[in-house]
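A.B. asks: Protein chains in written order, with this note's numbering: chain A, 197 to 523; chain B, 1017 to 1334; chain C, 49 to 332; chain D, 6 to 340.
If you are wondering where the hints come from, they were derived from the structure by calculation, not from laboratory data. Glycine included, every Cβ here is placed at the ideal spot set by N, Cα and C. Among the hints, erroneous ones may be present.
[Unchecked claim] Using C-beta positions, here's what the derived DEER-type ranges look like:
| hint | chain 1 | residue 1 | chain 2 | residue 2 | range |
| --- | --- | --- | --- | --- | --- |
| 1 | A | 404 | B | 1302 | 26 to 36 Å |
| 2 | A | 341 | D | 317 | 27 to 37 Å |
| 3 | A | 344 | B | 1085 | 55 to 65 Å |
| 4 | D | 154 | B | 1072 | 20 to 30 Å |
| 5 | C | 158 | D | 338 | 54 to 64 Å |
[To be verified] Residues from chain B that keep clear of chain A, each with C-beta distances beyond 12 Å, as calculated:
| hint | residue |
| --- | --- |
| 6 | 1114 |
| 7 | 1203 |
| 8 | 1263 |
| 9 | 1274 |
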Amino acid sequence: MWSVRANKLCAAYVLDIFGTKKVIHAVNEVSLELRENEVYGIAGESGCGKTTLVRLLFGDVQPPLRLMGGRVLYQVDGRELDLYSLAPAERRDLRWSFISYVPQSSMSNLNPVIKVKGTFGDVLKSHAPHQGKRELLERARQHLVELGLPPKVLEVYPHQLSGGMRQRVVIALATLLSPRVVIADEPVTALDVVVQRGVLQLLKEVQERLQNALVIVTHDMGVLANVADRIGIMYAGRIIEEASVWTIFEQPLHPYTRYLINSLPAFGDKGTRESAPGSPPSLVELPSGCAFHPRCRLARDRCREEVPEFEMVGDEHRVACWLVKEG
Amino acid sequence: MRDVSKIFHMGSMLSRIRITAVEHVSFRVGPGEIFGLAGESGCGKTTLARMILGFEEPTSGTIALRGRDGQPIVGRRAWRRAGVQAVFQNPFETFNPLRQVERYFFETVQNYGLAGNRAEALERIERALQMVGLSYEAIAGRYPAEFSGGQLQRASIARALLSEPSLLIADEPVSMVDASIRMSIMNLFRDLVDRLGVSVVYITHDLATAYYVCDRIAIMFRGNIVAMGNVDKVLMEPKHPYVRLLMECVPQTDPKKRWRAKVQLSASETEEYLRAGCKFAGRCPHAMDICKQEVPEEIYFEGQMAKCHLLRVSQGVQ
Amino acid sequence: MKTLRALLRDGRFSLGSVVLLLLVALAVLSFFSPYDPTEWRVVPRDLPPSRQYLLGTNSLGQDVFWLLTFAVRNSIFLAFLASTISRVIALAVGLVSGYSGGIVDRVLMLVNDGFIVVPLLLILVLLAMLVRERLNLPAMALLFGVMGWAFDARFIRSQILSLREREFTYTAILSGTPSLRLIVNEYLLFVVPLTMATLIGNMIWVTGMEVTLAYLGLTDVTIPTLGTMLHFALNYQAVLLGLWWWIFAPIGAAVALFVALYLLSMSISEYLDPRARIQRVGAR
Amino acid sequence: MRFVKRYLIPRLIQYVLVTFFGITLVFFLPRLMPVGPVEKAVASIQARGAYTDPKAAEETVRVLREMYGLDRGLFFQYLSFWRRLFTGDFGPSLVSFPTPVIQLIGASLPWTFGLLFTTTVLVFVIGNFTGALAGYFRQNRALKILDAAAMVLAPMPYYIVAQLLIILFAYLIPVFPVGGGYTIGASVSLSLAFIADVLKHAFLPALSLVLLGVATTHQIMRLIVQGVNEEDYVRYARIAAVRERTIFGKYVMRNAMLPQITRLALSFSGLFGGALVTEVVFAYPGVGLLAYRAILASDYNLIMGITTLSTVALTTSTLLMDLLNPLFDPRIRLI
């Protein structure tokens, strides 16, 4: 069963830098579906629009970001809701109870001048205004125990926690109200491998406990190989290939995905890896047709002229590439 | 024959907050070798790099350097001209955003007296840029913001090569570079080592790329080198428990090799720095009493070195 | 050029520059003045503004309008000269202190903090009192310049400290660039625009101090400045006598100068701080 | 313990060093001038010798020369300056000879302190409140007008605002007295009438200080709040649908106040400078007016005394704020 559906989403940053108008097409016609009890990975390089896509799924659209088209549907308790036709108050109510967010690991996601329990209390209070302070605190404590975190973290200030612990506290905060969808944007990027593994472990555990949808956005294919069920590869604001983790790693079809997978170093194999030539395009001036064609060795005329459609090519496997379609 | 070798012997390097950043670290890098220096953030690898580059003085111990001609290098200027140059992590920060990239090339040539006139200088710059797949024409008159990250990183390498140093320090040179072109930079290092005989110290937290490119590797933990040796040996047959933990935690890019067991996380970082004995004892699944009291000694066997009491017991080696 | 156009789109900047240009034009007019500002009794006394005497005349028999042109000229000149002197000191201290660090930095910052904590007004009063008779414009500029650099030196130093940690500093060191050249090549371009913004801020301070010292009667009152004009107006009880044009002419000019300079400095520093710039974009 | 070692002790050392150096500056700067301060004072006394009692004048000159060790080296003078400083001895005033300077300052201090304390508190509360609102609700019309007003006021020197207030409220609309600390002839007592009289006299001086102080604080607070508003933790709280009221109070304000508390000492020293000028304009019987009288009479001792003590007062206020800061910022308290 699906819980979030995005249909042909388009969004752009419209900047007015002292009179010069600049439009950055960060997300172009992205369609995807998040299902109950799965980990969906979104992979892409920096500046490919993955963070913007997450903001769209979440309904966090503020200037200069603008929604240019498409819909986001939520399935909440069997009802279908169109995110962008909801009133702001309704949208707010869905936050944390239906969909929540784990931001990039950094020092600064928790208010530095209040204790961790204060932040937990504020989030709970906003969604359960009639509950008493003690009750709320008890609820927060129980939640931490369930996740295997020491409840004493509630009594300290954020700067007293290590980076890994802080990120785990944020995960606990995001899952406080048992949301059906959790979106994690680069949740382990700044962390060391050992801590990274611990944090991913926690994310996965919570997902298994809640049987909900977890979205992990990252540039690190290694992370996705380990935790994702399905993966969408983003390039220049589009998802260009989507398949199960096995298919992506074993039979990638899009030339970009192939470069990406084949250039990954692996232990026990010192064979030469080749990178894709050139470098990723700027979202301000996208190439015509398929955005990857200037770097693609197999590009044909059609690739330069028409944007390939994102089509199903196999079991749960979608690709946007003329070469695949035309054989 | 060119013979580049460096012998490090340095004692406790005290930083301002009196935490030993680098402790009794010794290693040598041979000519034409890529030497990996890997570890988590705060393990002292960057401090070590800064000491080799001469940005910081070791509290004790010495660092020696030989040029490509085999002669020992003495003196600050020579140290950087014929000795050691660096490639940094963020290519967009490597060059001043307000200045043209080419100016660094001319300054390097001029300051080290590498050319007599402008034509010679240009020729030299062109040669260095050709080696990394660029040309003078491609960089002339342009500011850093006009390049892509990959191009800038190549330019940065070319600048470092201008003075024909015997050693290149590459501090996380690809972590800020787009994933799809990362390997081309790694391949470039390999290529340069093979062609020029320059040595490279590759500093990274990423064991996978280290495995890909390095000949030998040292794993650092809290200011100590805990394991060192041939990269295949150290990483594929890890002896030290910390290296084993690291290897288990590196996300393998293959869904067939997913993680299974759980890991234990460290309490506080400062605590580990101040710990007497083996710094890893607090998290080590095999910790013994002696580990908490005595600093383990270096144990050599099967072409690798490891600092661990456990190994002495199990292997019975000196 | 691009920068100027961008800045002009900010209402505050264009308003500030228009007012400032008007004041400068007023100052330039002083070169065509029919009267010598130091002479008294050249026109009838205490006349209200009229076509002949645009801003009336004062009790000393001077034409207020033409006097004002000299006052504005001298005040702007003084402010600019004093601020330039203090910018040179601030830049030198800030650059050296920030780049060299260690003991040099500590000693310089101690001197710097000393200048920050002493009550500058009182010290200036004390010093002005001693040299009252010789306090002509350049001397005053020197005095204000020597006293008014500490705050911005600290600011420049903090900029250098963050620049020093950026990787391009190390690239320059590895390129063999000697320290002094490195500071000039790598940092000056970053610091100069900020210094310009502080220059304007400092000009406000200098003018304010000059007005205050003149009011206390500590400057050479024979030099027409905004401060000495006010000094005379108050001493001759212009308020009580209802000679409002005499007192409001310098006050109006001073207020215009302050606001114009302030608008400029706000606008420029906001332009230079990319963070504030992003916010401006986001707000639209 | 870590707090003491890493925060407290460095601050105390800094305090001692800066105070020491500041006072040293106060001592040496006048001596770098082409005209020596003591010579100047001596000359001015000798000039007056014609119409004052010549014996008293001679006596003053002698005392002064001896006190400053004029015939000895500069270093000796510096040392004796410090020695006298520690006993609170700034010598006799020249205007009201032979009343000790310290006594004159002591008499004016309560007036200045009362004025400064009240205005500093008012400025802090009002300026931060309006500034925070203006930074948080950036589209609000009324607040934009407030911004504009602050923008015009902020760069004004205290002197001009004080002068304008006098013209406005003492001459054009005479609701407040032109100056003084209390009505001349009123008996100094703690009666309600007297207190009301004092407050009435203090109103305009205080208003001029508050107006300018609020304008500056308002502008700085507005910028800080705009910055804090973009911080990750505020955005994250907003994404988590924490109530706006909580975000404004607990997330934005609490954090934006921290730099403002640090700045309080600076704001105090700004107001102090302002108070000196304002007191002169309003003939308010505080330290500023005392200093003015000293200037008119070239009373070097008195000025030195006031300047030195002000330096100590300013460094001490900075230290106090540094000591107060950890109470509000757990990151300093729990290093």
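A.B. asks: For every hint, state whether the structure bears it out.
C.D. replies: Hints, verified against the model:
1. 404/A with 1302/B: 26 to 36 Å: holds, 30 Å
2. 341/A with 317/D: 27 to 37 Å: Given about 55 Å between the Cβ atoms, the range is violated.
3. 344/A with 1085/B: 55 to 65 Å: At roughly 60 Å between Cβ atoms, residue 1085/B and residue 344/A fall inside 55 to 65 Å, so the hint holds.
4. 154/D with 1072/B: 20 to 30 Å: violated, 53 Å
5. 158/C with 338/D: 54 to 64 Å: Given a distance of about 27 Å, which is not inside 54 to 64 Å, the answer is violated.
6. 1114: Holds, because the least Cβ-Cβ distance between residue 1114/B and chain A comes to about 18 Å, which exceeds 12 Å.
7. 1203: violated, 7 Å
8. 1263: violated, 8 Å
9. 1274: violated, 5 Å
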